[in-house]
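Sequences listed follow chains A and B, in order.
Note that this note's numbering numbers the first sequence so that position 344 is 344, with each residue one more than the last.
Note that this note's numbering numbers the second sequence so that position 77 is 1077, with each residue one more than the last.
By construction, these hints were calculated from the structure, which means they are not laboratory data.
There's no promise every hint is true.
A few chain A residues that face chain B, going by a derived Cβ cut-off under 7 Å, partial list only [claimed, not checked]:
| id | residue |
| --- | --- |
| 1 | Thr7 |
| 2 | Ser200 |
| 3 | Arg413 |
| 4 | Ala465 |
| 5 | Gln635 |
A few chain A positions that, by computed beta-carbon distances, are all more than 12 Å from chain B [as the list claims (entries may be wrong)]:
| id | residue |
| --- | --- |
| 6 | Asp36 |
| 7 | Thr526 |
| 8 | Thr540 |
Don't be surprised by glycine CBs; every beta carbon is placed ideally from N, CA and C.
Each chain is listed here by its residues.
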Amino acid sequence: MAPAGRTLLIVALFICGYGIFASLYGARTGRWEWADSGRRAVYALALVTTIAWVILEAAFLRSDFSFNVVAAHSSTTTPTFYKLAAPWSSQEGSLLLWVWLMSLWSSLILFLTRARVREIAPYATAVLLGFAAFFTSLATFFANPFATSATAPAEGAGLDPLLLHPSMMIHPPMLYSGYTLMTIPFAFAIGALITGRLGSEWISVTRRFALAGWLFLGIGIVLGARWSYTELGWGGYWAWDPVENAALMPWLCITAFIHSIMIQEKRGMLKVWNASLVLATGILAILGTFLVRSGILDSIHAFGASTLGGPFLALIALMVAGSVGLVVSRRADLRSEHHLDSLLSREAVFLLQNLVLVALAFAVFWGTFFPLISEAVTGTKHSLGPPWYDRYTVPLALIVVLLSGVGPLIAWRRATPANLRRAFAAPLAVAAATAVVLLVATDAARRPLALTLFALAAFVLACVAQELWRGARARGAIAGEALPVALVALVRRNRRRYGGYLVHAGIAVLFVGVAASSSFQHVNQTSLRPGQTARVGSYTFRFDRPTVAVQAQKISLGAVMSVFEHGRRVQTLRTAREFYPDTTLGPFQAPISRFFTGEPETQVGLNAGLTRDMWAAVDVPLTPLQSALDFRDRQFQMALRELTTKRRLAAYIQARDVVVDSLAQRWAQHPWAADFRLIVSPLVTWIWIGGIIAAAGGLIALWPAPVAARRRATAAYRSRLGRELAESGA
Amino acid sequence: MLIVVAVVVLVLTGPLRAARASRPAPDRPAGAEAADLEAARDAKYREIREAEMDYRTGKLSEDDWRAIDHDLRAEAIEILRRLDRVRDRAAAPRG
């Protein structure tokens, strides 16, 4: 099947090339059958890449180690659940996943718009196929997922243990879906700029795809944070790691775009800004992929440095140059049709919010690329850590949260001070009351920024609740509906608005979790023997007993801990350090210690609750075992060299396993001091809850209204306006 | 693999074969302008609805709402007029 996969990549390249030609030829000559043929090239690409993807997945499921990528990233003992995810743990599989997802989303948008934006679509098709050609070329010539070896190994290297987590099943596809969805508004913006068709239509057809990109990328970011918190053994969920930042930058820009296009749709304003923003988002999406795949910046996420940096840089340079050139050349057509009526207006709030979001994105960009900039200027790579990021992002994030409450309550075009007083009185009172309660009842005063965030979050939640209440009450009064019915009808009728409000509420809740857990966390890093205790905030952690588990794929040395509060046991935590075999060693090297020296992983002991999380991670040092390991290595190396028959090999393996097991059991029988990282963190769970609420809001905003309802709304207005037309003598 | 390639070729050449069967092409420039106006019209209807909702939820006084509503309706009427003109042009016999 590997030759079939390789052939399909070549076919995909030809399809991309043909589609680009056909689309551009059709657009330039007005022969629209060629443009339609170019659109169908995208459908054909989706078909071909789907088959290629199925071939790759089948190879993983079959553990076909003749495929190099399968041998390097899977094994016969990898659970089936993770075999399905293993393709995207590799460079090769990731590139194919990118093309596949891109072809699916592109097919969807082009199918949905086959009778619309007919002048723009061919250029957008060419751009999308250009991206597909780029990634397919990388997969074909640099990192081929269907590359094979003449001699297939009997066993694969297995999946990186860090990736054996449910979040990893969906985190990369979510991120890549986000990135690829963001190329769609980029492509249509390019088409609009080339053709000069800069009206509302290209925005209206791509808006949902921008929102979907926002949603998927946001889910991917939160899943990545969850994975970091539960898998990486440091107890945090966000480290301003370059690959984390790579996803955050386009997400911030697309958040700004989703808001500012409303201004363009309503008032014909911010056309240059929106065009620049969506183009920047597309560039950042490619840049994000580049950061992950090129290995150019040190990151615990990066899957190794590769030779892809050069091609990616060339593509990004082309995108930047082309985008700037097009926006500059069309600046006359991008003039605003109206101006800001009032600074007291939703337009003004959105504009301010856009500026803050872009400033946030720039701060993250600067911090991410500073190592490269410093290396270029000074010759030394200097990294910027979390304190630098916090200094700039925290104040900006506070402003974003504030504006997410103000925006929904302020009218379009103009609001009067009297209306503002009426609108904000209750939410401000709630915010003030929250601040007072926290000051009196907690120690929040020692963290003024966190306290400010809590008050702002209360403000936002009150604003959203007030909007829902007033909207439902107004609808109920007009339609004669009971309040709950009116509320549901209100949301159904205005999904974009109220879905957006729910997103604001979710983000506020998420930030509450972030502020509480980062500002009021208690951490203790200590060394404990069984029976010893450590204090973490108001809790006492006791190392009760060691645990040992020896399995074919790993050795787990762990600890059971009891947690006490005011002398009463409140929780039991189990944590372990898992040791995997070192697969890089030759057959005669370290026959015993190899089982302890592969890439270790931490199993975190976590008890999550609505008010606080208890978190424990153990690191069992192997120093006490070292002399025994060295001795056994020498012993078994000699035995290995004297093996002559298969029966003696079987006996050797049996003896080896007994020795490995006995060495591991020493941890249980005569435990030594182990290093523990112990954390008690308040309100972490609300980060995930906030993410879920925001995602639900995004889904509601994304969901199209029933066609019949749209037609009814349009027909009603047409008839009313038609009467007015007649009365005005038109 | 041959079947896949054959299907791909059929898919790609479908429109080209149909064009040889002389299907008339839509009026592209007028169609695009009409589409832009329809999108603008829909956005204007949304604005009118949102302005009323802003009034009913207390964000706008009645006077402000009536003024804004008047402006929005005038803008909507202008869009509808332009749309009608574009459609009339597209429907007019050529030559």
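Hints versus structure:
1. Because the beta carbon of A/Thr7 sits about 6 Å from the nearest beta carbon in chain B, less than 7 Å, this interface hint is met.
2. A least Cβ separation of about 4 Å between A/Ser200 and chain B falls short of the 7 Å threshold, and the interface hint therefore holds.
3. The closest approach between the C-beta of A/Arg413 and any C-beta of chain B is roughly 6 Å, which is under the 7 Å cut-off, so the hint is satisfied.
4. For A/Ala465, the interface hint is violated, the least distance from its beta-carbon to any beta-carbon of chain B being 12 Å, above 7 Å.
5. Checking A/Gln635 against chain B by beta carbon gives a least distance of about 54 Å; that is not within 7 Å, so the hint is violated.
6. Under the 12 Å C-beta cut-off, the non-interface status given to A/Asp36 relative to chain B is violated; the minimum distance is some 4 Å.
7. Chain B leaves A/Thr526 outside its interface by the beta-carbon criterion, the shortest separation being 55 Å against a cut-off of 12 Å.
8. Listed as outside the interface, A/Thr540 is consistent with that label: its C-beta sits roughly 52 Å from the nearest C-beta of chain B, beyond the 12 Å cut-off.
The structure fails hints 4, 5 and 6 (numbered hints given earlier, in ascending order).
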